[in-house]
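With the hints as your guide, set chain B onto chain A.
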Amino acid sequence: ETGVTQSPTHLIKTRGQQVTLRCSSQSGHNTVSWYQQALGQGPQFIFQYYREEENGRGNFPPRFSGLQFPNYSSELNVNALELDDSALYLCASSADRGNLEQFFGPGTRLTVL
Amino acid sequence: QKEVEQDPGPLSVPEGAIVSLNCTYSNSAFQYFMWYRQYSRKGPELLMYTYSSGNKEDGRFTAQVDKSSKYISLFIRDSQPSDSATYLCAMGGNKLVFGAGTILRVKS
Numbered sequence: 005e006t007g008v009t010q011s012p013t014h015l016i017k018t019r020g021q022q023v024t025l026r027c028s029s030q031s032g033h034n035t036v037s038w039y040q041q042a043l044g045q046g047p048q049f050i051f052q053y054y055r056e057e058e059n060g061r062g063n064f065p066p067r068f069s070g071l072q073f074p075n076y077s078s079e080l081n082v083n084a085l086e087l088d089d090s091a092l093y094l095c096a097s098s099a100d101r102g103n104l105e106q107f108f109g110p111g112t113r114l115t116v117l
Numbered sequence: 362q363k364e365v366e367q368d369p370g371p372l373s374v375p376e377g378a379i380v381s382l383n384c385t386y387s388n389s390a391f392q393y394f395m396w397y398r399q400y401s402r403k404g405p406e407l408l409m410y411t412y413s414s415g416n417k418e419d420g421r422f423t424a425q426v427d428k429s430s431k432y433i434s435l436f437i438r439d440s441q442p443s444d445s446a447t448y449l450c451a452m453g454g455n456k457l458v459f460g461a462g463t464i465l466r467v468k469s
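First to last, the sequence lines map onto chains A and B. Residue numbering for the first sequence follows the numbering used here, beginning at 5 and increasing consecutively. Residue numbering for the second sequence follows the numbering used here, beginning at 362 and increasing consecutively.
Here chain A stands alone, though its shape is the one from the complex (with noise of 0.2 Å):
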């Protein structure tokens, strides 16, 4: 069984720019959910995505967004970045969308400029 995956490990950007964060969730599993962990802090919520469709939002503006795709892996976008965006982003993935059993990848560290 393979476990939740995430790609790039580490990231660095400028300000401003846009930065494209993906996921692969488990095995088995067709929920997929991301967020955002500061320095020092708990993972904030940002959105879920069940079978392609946005399940539910967090307090983020909308230029955070995601997409998911049929074999339920699933990307996070986020558009004219700042520098408090820099941060840990987090993927889980779980078997159902009222499964809140999620299980998590390593993350992606992202480094705004």
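To be clear, the hints were calculated from the coordinates, so they are not data collected in a lab. Quick caveat, the model's predicted, so the values are computed rather than measured. Be a bit skeptical, because a hint or two may be false.
[Said to hold, decoys possible] Sample of chain A residues lacking proximity to chain B, with all beta carbon distances greater than 12 Å (derived): (1) 12; (2) 19; (3) 31; (4) 85.
[As the list claims (entries may be wrong)] Pairwise CB distance ranges, derived in the manner of DEER restraints: (5) B/400 <-> A/20: 32 to 40 Å; (6) B/402 <-> A/88: 37 to 45 Å; (7) A/55 <-> B/392: 18 to 26 Å; (8) B/412 <-> A/58: 23 to 31 Å; (9) B/420 <-> A/115: 33 to 41 Å; (10) A/64 <-> B/417: 15 to 23 Å; (11) B/420 <-> A/83: 41 to 49 Å; (12) B/456 <-> A/67: 14 to 22 Å; (13) A/67 <-> B/378: 41 to 49 Å; (14) A/103 <-> B/364: 17 to 25 Å; (15) A/17 <-> B/454: 33 to 41 Å; (16) B/439 <-> A/115: 36 to 44 Å; (17) A/74 <-> B/428: 23 to 31 Å.
All residues carry an ideal CB built from backbone N, CA and C; glycine is no exception.
For chain B alone, coordinates are given in the frame of chain A:
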């Protein structure tokens, strides 16, 4: 006021000690309660998952939920240096809300 409050620590204990980690919450709609362990530069790893008041035990770990007090705890018995990590409580109904995490250091 945050929905979930967790003391950030750091909490430093000698090897073999019993560790108590706690969270309080304000949202009575929360139905599911979890504890995650996060090592430095890694993603969170699910340790315990409960959905009712009471105790749940798994090896050296015991999770306790008191819904009437809106208080949850994680106890670690016979703590080991390998338990040194950040422990995150998480809870929710249709989405997860995390605490800020408690840094635990177990000294050998």
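Cross-check of the supplied hints:
1. Remark: the non-interface label on residue 12 of chain A is consistent with the geometry, its nearest Cβ contact in chain B lying 14 Å away (cut-off 12 Å).
2. Look at residue 19 of chain A: its CB is around 25 Å from the nearest CB on chain B, clear of 12 Å, so calling it non-interface holds up.
3. Listed as outside the interface, residue 31 of chain A is consistent with that label: its C-beta sits roughly 17 Å from the nearest C-beta of chain B, beyond the 12 Å cut-off.
4. Remark: the non-interface label on residue 85 of chain A is consistent with the geometry, its nearest Cβ contact in chain B lying 22 Å away (cut-off 12 Å).
5. Distance hint for residue 400 of chain B and residue 20 of chain A: a CB-CB separation of about 34 Å, consistent with the stated range 32 to 40 Å.
6. At about 21 Å, the beta-carbon gap between residue 402 of chain B and residue 88 of chain A misses the expected band of 37 to 45 Å.
7. The hinted range of 18 to 26 Å is satisfied by residue 55 of chain A and residue 392 of chain B, whose Cβ atoms lie roughly 23 Å apart.
8. The hinted window of 23 to 31 Å between residue 412 of chain B and residue 58 of chain A holds, with their beta carbons roughly 25 Å apart.
9. Judged by the Cβ atoms, the range 33 to 41 Å given for residue 420 of chain B and residue 115 of chain A holds: they are separated by roughly 38 Å.
10. Range check, residue 64 of chain A to residue 417 of chain B: about 33 Å between beta-carbon atoms, so the 15 to 23 Å window is missed.
11. As the Cβ distance of residue 420 of chain B to residue 83 of chain A is approximately 45 Å, the hint placing it in 41 to 49 Å holds.
12. Checked against the hint of 14 to 22 Å, the C-beta distance between residue 456 of chain B and residue 67 of chain A comes to roughly 20 Å, which is consistent with it.
13. Here the CB-CB span from residue 67 of chain A to residue 378 of chain B is close to 46 Å, well matched to the stated 41 to 49 Å.
14. Against the hinted window of 17 to 25 Å, the Cβ-Cβ separation of residue 103 of chain A and residue 364 of chain B comes to about 21 Å, which satisfies the hint.
15. Range check, residue 17 of chain A to residue 454 of chain B: about 35 Å between beta-carbon atoms, so the 33 to 41 Å window is met.
16. The hint said 36 to 44 Å for the Cβ distance between residue 439 of chain B and residue 115 of chain A, and at roughly 39 Å that hint holds.
17. Judged by the Cβ atoms, the range 23 to 31 Å given for residue 74 of chain A and residue 428 of chain B is violated: they are separated by roughly 40 Å.
Of the numbered hints stated above, those contradicted by the structure are hints 6, 10 and 17, listed in ascending order.
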